[in-house]
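Taken in order, these protein sequences are the chains called Y and H.
According to the working numbering, the residues represented by the first sequence are 1 to 240, in order.
According to the working numbering, the residues represented by the second sequence are 241 to 492, in order.
No lab work stands behind these hints: they were computed from the structure.
Each hint should be verified, as a subset may be incorrect.
Quick list of in silico lysine-lysine cross-link-like pairs, BS3-like style, CA-CA up to 25 Å [stated by the list, open to error]: (1) Lys320/H - Lys349/H; (2) Lys386/H - Lys419/H; (3) Lys66/Y - Lys289/H; (4) Lys66/Y - Lys386/H; (5) Lys320/H - Lys309/H; (6) Lys407/H - Lys289/H.
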Amino acid sequence: MSFRHSVTIIASPRPRVGKTLLARLLTDFHIHEGRAVAGFDLNAGEGSLAQFAPEHVTAADIGDIKGQMALFDRLIAADDITKVVDLGHERFEAFFTLAAQIGFAEEARNRGIAPAIMFMVTPDATSVEAFRKLRSRMPQAALIPVHNELLGAAQHRDKYAAAGSGAVQVRLPVLAPGLRRFIEQPPFSFSESQLANTRNMPLDVHIELQRWLRRAYLEFRELDLRILLADLQSSIRLES
Amino acid sequence: MARPAVILVGADKGGVGKTTVARTLLDYFGAHQTRTRAFDTESPRGTLKRFHPSVTEVVDVTSVPDQMKIFDTLGNAEAKVTVIDVRAGLLSSTLQALNDIGFIESAKKGQITFAVFHILGPSIASLDEIAETARFVGDASYFLVKNHINDTSFFEWDPATYNSFFKQIKGAEEINIPKLNEMACEQVEVAGVPYVSFVANKNAKGEPANYSFVLRGYVRHWLGNVWGEFDRVKLVDLVSPKIENNVRQVAG
Chain Y
1 MSFRHSVTII ASPRPRVGKT LLARLLTDFH IHEGRAVAGF DLNAGEGSLA QFAPEHVTAA
61 DIGDIKGQMA LFDRLIAADD ITKVVDLGHE RFEAFFTLAA QIGFAEEARN RGIAPAIMFM
121 VTPDATSVEA FRKLRSRMPQ AALIPVHNEL LGAAQHRDKY AAAGSGAVQV RLPVLAPGLR
181 RFIEQPPFSF SESQLANTRN MPLDVHIELQ RWLRRAYLEF RELDLRILLA DLQSSIRLES
Chain H
241 MARPAVILVG ADKGGVGKTT VARTLLDYFG AHQTRTRAFD TESPRGTLKR FHPSVTEVVD
301 VTSVPDQMKI FDTLGNAEAK VTVIDVRAGL LSSTLQALND IGFIESAKKG QITFAVFHIL
361 GPSIASLDEI AETARFVGDA SYFLVKNHIN DTSFFEWDPA TYNSFFKQIK GAEEINIPKL
421 NEMACEQVEV AGVPYVSFVA NKNAKGEPAN YSFVLRGYVR HWLGNVWGEF DRVKLVDLVS
481 PKIENNVRQV AG
């Protein structure tokens with residue numbers, strides 16, 4: 001089996017841990033890599049993924065069955081589009097309960113789609129427990145702990161072991177102070193070619209932003225390669 | 241040869257979901273590689289036949305030729321299990337007929353395995369029926385099924401009354417059919433296929449279909465719970481004591 005594309009769910013039962021920033025980066029990373037990408041925004045309120053990348057992102061809701069069909073049926077569609085889900089903390093429980101119940105990860109794998117969960121790690125017990133539960137709830141999905149360096153040194157990292165084929169821990173590098181205000185005005189795309197000009201960025205800010213982006217993209221690329229490698233290894237094992 | 245098994249699925253009222261239960265039973269035995277045939281007494285036009293056309297025959301259970309068709313073939317039919325979906329209101333009269341032809345007698349002697357699935361309606365009236373039905377079943381495995389699939393009216397019996405009826409039947413067991421999302425339920429009806437085919441995304445001809453993944457997921461989850469209930473009452477052991485149990489695998 002070889003994966004056609006992936007569905008990445010960015011999750012945490014906590015608010016304000018950098019989920020949407022990661023979702024923005026990941027969406028723009030895929031665009032940067034020349035992939036067709038579709039984002040799904042399960043957040044309420046301001047500063048959501050849909051506002052930053054309106055042309056790539058659909059607002060989704062799983063409160064009723066019509067919304068569930070609109071989201072999940074598209075996530076597993078064989079359309080060769082890479083998908084990113086920005087899962088708001090209010091919907092964390094409902095989303096994974098439903099996904100486990102309808103066998104989302106299984107179905108995705110059967111269709112050659114790599115399911116992955118990027119979990120923002122925080123030291124609180126709720127998150128540790130939610131992470132532990134995810135492993136048994138969706139064993140077919142790669143479970144990737146993401147350490148947001150902005151949240152401080154991760155002394156709790158041993159509580160979050162990567163699980164599933166190719167999963168590694170990913171670091172979200174901290175953005176230099178003062179740069180934040182340049183990237184927080186939606187809509188905004190990191191993959192924009194004239195980024196510095198359209199945003200009136202001073203050159204040093206632009207250079208620093210590019211440096212930060214390269215670090216983040218390097219993490220994503222490594223993750224991509226590991227998942228690909230795990231996939232290749234398992235197919236070699238199957239054939240021999 | 242293993243002894244034949246007959247499962248009556250009946251209720252004293254229409255619209256309590258007999259056919260739903262009969263369909264889950266056919267799917268269940270199918271998944272356990274147990275050859276099954278079904279009779280639909282919704283003569284002349286059967287609902288069960290629409291979903292399981294290859295194994296279902298529409299009969300009039302009150303007519304002697306059709307009774308012969310069902311019961312005289314028990315020993316030599318290929319299928320070991322016979323599921324009979326009894327039309328609303330015909331449960332007692334069917335049992336009476338079974339008694340008259342000596343079927344209940346042979347079930348008592350252990351020549352035939354006999355089980356009754358009595359689907360309960362939401363009103364107390366249907367509990368009177370239990371008392372009446374209980375006279376006939378003897379040692380049959382008697383299952384009282386609370387069907388919540390389209391839970392519009394909830395069960396509002398007095399627990400004391402219910403329990404006193406429940407105790408009248410020796411060895412009666414309770415089965416709960418959980419609720420299935422309305423839209424999922426409706427789509428399976430529209431598709432007109434067995435639940436397992438819907439879950440496996442196949443149409444009536446066995447070709448790939450295009451049902452919603454979410455709805456298939458809901459049906460899969462629900463069917464798993466229903467089968468869990470059948471596993472709990474050890475239905476497979478009942479109809480074929482020798483066959484290896486736990487071949488549970490939801491299609492798809």
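**Request:** Mind checking the alpha carbons of Lys386/H and Lys419/H for me, to see if they're no more than 25 Å apart?
**Result:** holds (11 Å)
**Request:** Take the C-alpha atoms of Lys407/H and Lys289/H, compute the straight-line distance between them, and say whether it is at most 25 Å.
**Result:** violated (35 Å)
**Request:** Sort out whether Lys349/H lies within 25 Å of Lys320/H, counting only the CA atoms.
**Result:** holds (18 Å)
**Request:** Would you check the hint for Lys66/Y and Lys386/H, treating anything up to 25 Å between C-alpha atoms as holding?
**Result:** Violated: Lys66/Y and Lys386/H sit about 28 Å apart, past 25 Å.
**Prompt:** Under the criterion that the straight-line Cα-Cα distance not exceed 25 Å, is the pair Lys66/Y, Lys289/H satisfied?
**Reply:** Given pair Lys66/Y, Lys289/H is violated - Cα atoms ~30 Å apart, limit 25 Å.
**Message:** Lys320/H and Lys309/H were given as a pair; does the straight-line alpha-carbon distance stay at or below 25 Å?
**Reply:** This hinted pair holds, its Cα atoms lying about 15 Å apart.
Violated hints, listed in ascending order, are 3, 4, 6; each of the other numbered hints is respected by the structure.
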